[in-house]
Amino acid sequence: MGKLSRFIFTTLVLFILWLFLTSTFKSQEVLIGLIFSAIIALFAYNSFTEQGLKNLSPKKVFCAFLYLPYFFWQMIKANFDVAYRVLHPKMPISPGIVHVKTKMKTDLGKLVVANSITLTPGTLTLDVIGDDMLIHWIHVKTTDVEKASEEIPGVFEKCLKEFLE
Amino acid sequence: MILNVIGWFLIYFGAVFLFLGALGIVRFPDVYNRLQAGTKCTTLGAFSAIIGVGILHPAWLAKTFIIALFILLTNPISSHALGRASYRSGVKLWEKSVVDKCKEFAECVEERNE
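Here the protein sequences line up with chains H and L, keeping their order. Position one of the first sequence corresponds to residue 0 (numbering that gives the first Met the number 0), numbered consecutively onward. Position one of the second sequence corresponds to residue 0 (numbering that gives the first Met the number 0), numbered consecutively onward.
Hints are computed from structural coordinates only; laboratory data are not their basis. Wrong hints could be hidden among the right ones.
Stated by the list, open to error - Under the rule of at most 27 Å between Cα atoms (straight-line distance), these lysine-lysine pairs were calculated in the DSSO-like manner:
#1 H/K59 to H/K104
#2 H/K76 to H/K89
#3 H/K53 to H/K109
#4 H/K109 to H/K140
#5 H/K76 to H/K102
#6 H/K25 to L/K62
#7 L/K62 to H/K59
#8 H/K140 to H/K2
#9 H/K58 to H/K109
#10 H/K58 to H/K104
#11 L/K62 to H/K89
#12 H/K140 to L/K91
#13 H/K100 to H/K59
#14 H/K100 to L/K91
#15 H/K76 to H/K59
To be verified - The following label-pair restraints were derived from C-beta to C-beta distances:
#16 L/I5 to H/P57: 27 to 35 Å
#17 L/P57 to H/T105: 32 to 40 Å
#18 L/I5 to H/A37: 34 to 42 Å
#19 L/V15 to H/I128: 32 to 40 Å
#20 L/P57 to H/I15: 15 to 23 Å
#21 L/N3 to H/L30: 32 to 40 Å
#22 H/F61 to L/K91: 42 to 50 Å
#23 L/V15 to H/K58: 37 to 45 Å
Think of the CB as a built atom: it goes at the ideal place given N, C-alpha and C, for glycine as much as any other residue.
Generate the whole structure from the sequences, applying the supplied hints.
Written as structure tokens, this is what we have:
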């Protein structure tokens, strides 16, 4: 990707962060924020993004907006799940570590999938080795690699593949 | 008025889940199960409490969104690091655990045997 597009994308993200943090639209503050975002982006764009402005294509933004509500719904479900297991007198857990395969290719994709897995019902990512993920499951339903891959990261990957890769 | 109600509702909702998370840490049998309770409940608990404060004081809303976003990003990573480190340094699973696929991976166990 072009260096310019990566630089502009980094500046944009930093500038939006600045606007949120100061929460003001006074011209002085906005101008200073823009200048400093550009200076920081100059040093940081290399490690900050690989895709640059491509990240803002309408399709990706649309997919991100679809993904967020689904993710929040899963997170709330996960909390009620934990609450149920904690409050139940007999504690209905049968924990174990299962192995699943991820289809994501990029580092960012793997990071987002691993984080989503951690915040969804009953699962916690312990380790990521290449394409293999080791997941602690609080209530193991299947130990088969393919079935578990279908069960845990499957739903997220369908959605995430669109906007991250 | 209605914003007040929503804000307080979110704060109490968060507080309840933070409490349940703490209870989970006490009740669950081993490190990994405790991490599960610790991660999920503290993430949603802190998230909704912070957003609730933002709704009560609309001037802070943008800032609270940023704080909540960073909690959402960093909390799972820290718990992943804790879980990984404890597995590699030899913390055992609960004796009633069903399966341990981690043993099959050389990367997981190499530091254990040393």
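Structure-based check of all given hints:
About 17 Å separates the Cα atoms of H/K59 and H/K104, which keeps this hinted pair within 27 Å; it holds. For the given pair, H/K76 sits about 21 Å from H/K89 by alpha-carbon distance, which is consistent with the 27 Å threshold. A hinted pair counts as satisfied when its Cα atoms are at most 27 Å apart, and H/K53 with H/K109 qualifies at roughly 19 Å. For the given pair, H/K109 sits about 23 Å from H/K140 by alpha-carbon distance, which is consistent with the 27 Å threshold.
Of the pairs offered as hints, the one joining H/K76 and H/K102 holds, with about 25 Å between alpha carbons and a cut-off of 27 Å not exceeded. Distance restraint check for H/K25 and L/K62: the Cα-Cα separation of roughly 17 Å lies within the 27 Å cut-off, and the hinted pair is therefore satisfied. Straight-line distance between C-alpha atoms of L/K62 and H/K59 comes to about 25 Å, which keeps the hinted pair within the 27 Å bound. For a cut-off of 27 Å, the pair hint linking H/K140 to H/K2 is broken: about 47 Å separates their Cα positions.
At most 27 Å may separate the alpha-carbon atoms for a hinted pair to count; H/K58 and H/K109 meet this at roughly 20 Å. Taken as a hint, the H/K58 and H/K104 pair is honoured in the structure, with Cα atoms around 19 Å apart against an allowance of 27 Å. Of the supplied pair hints, the one linking L/K62 and H/K89 is violated, its CA atoms being roughly 42 Å apart against a limit of 27 Å. Under the criterion of a C-alpha separation no larger than 27 Å, the hint pairing H/K140 with L/K91 is consistent with the structure, at around 21 Å.
Restraint check for H/K100 and H/K59: satisfied, since their Cα atoms lie roughly 24 Å apart, inside the 27 Å limit. At roughly 24 Å between alpha-carbon atoms, H/K100 and L/K91 fall within 27 Å of each other, so this suggested pair holds. For a cut-off of 27 Å, the pair hint linking H/K76 to H/K59 stands: about 26 Å separates their Cα positions. Between L/I5 and H/P57 the CB atoms are about 32 Å apart, so this pair conforms to the stated range of 27 to 35 Å.
Between L/P57 and H/T105 the C-beta distance comes to about 38 Å, which sits within the given range of 32 to 40 Å. Our hint of 34 to 42 Å for L/I5 and H/A37 holds, since their Cβ atoms are close to 38 Å apart. In this structure, L/V15 and H/I128 meet the distance hint of 32 to 40 Å, their C-beta atoms being roughly 37 Å apart. Taking the beta carbon of each, L/P57 and H/I15 are about 19 Å apart, inside 15 to 23 Å as hinted.
Checking the proposed 32 to 40 Å range against L/N3 and H/L30 shows it holds: the Cβ atoms sit about 36 Å from each other. In this structure the supplied range 42 to 50 Å holds for H/F61 paired with L/K91, their Cβ-Cβ distance being about 46 Å. In this structure, L/V15 and H/K58 meet the distance hint of 37 to 45 Å, their C-beta atoms being roughly 39 Å apart.
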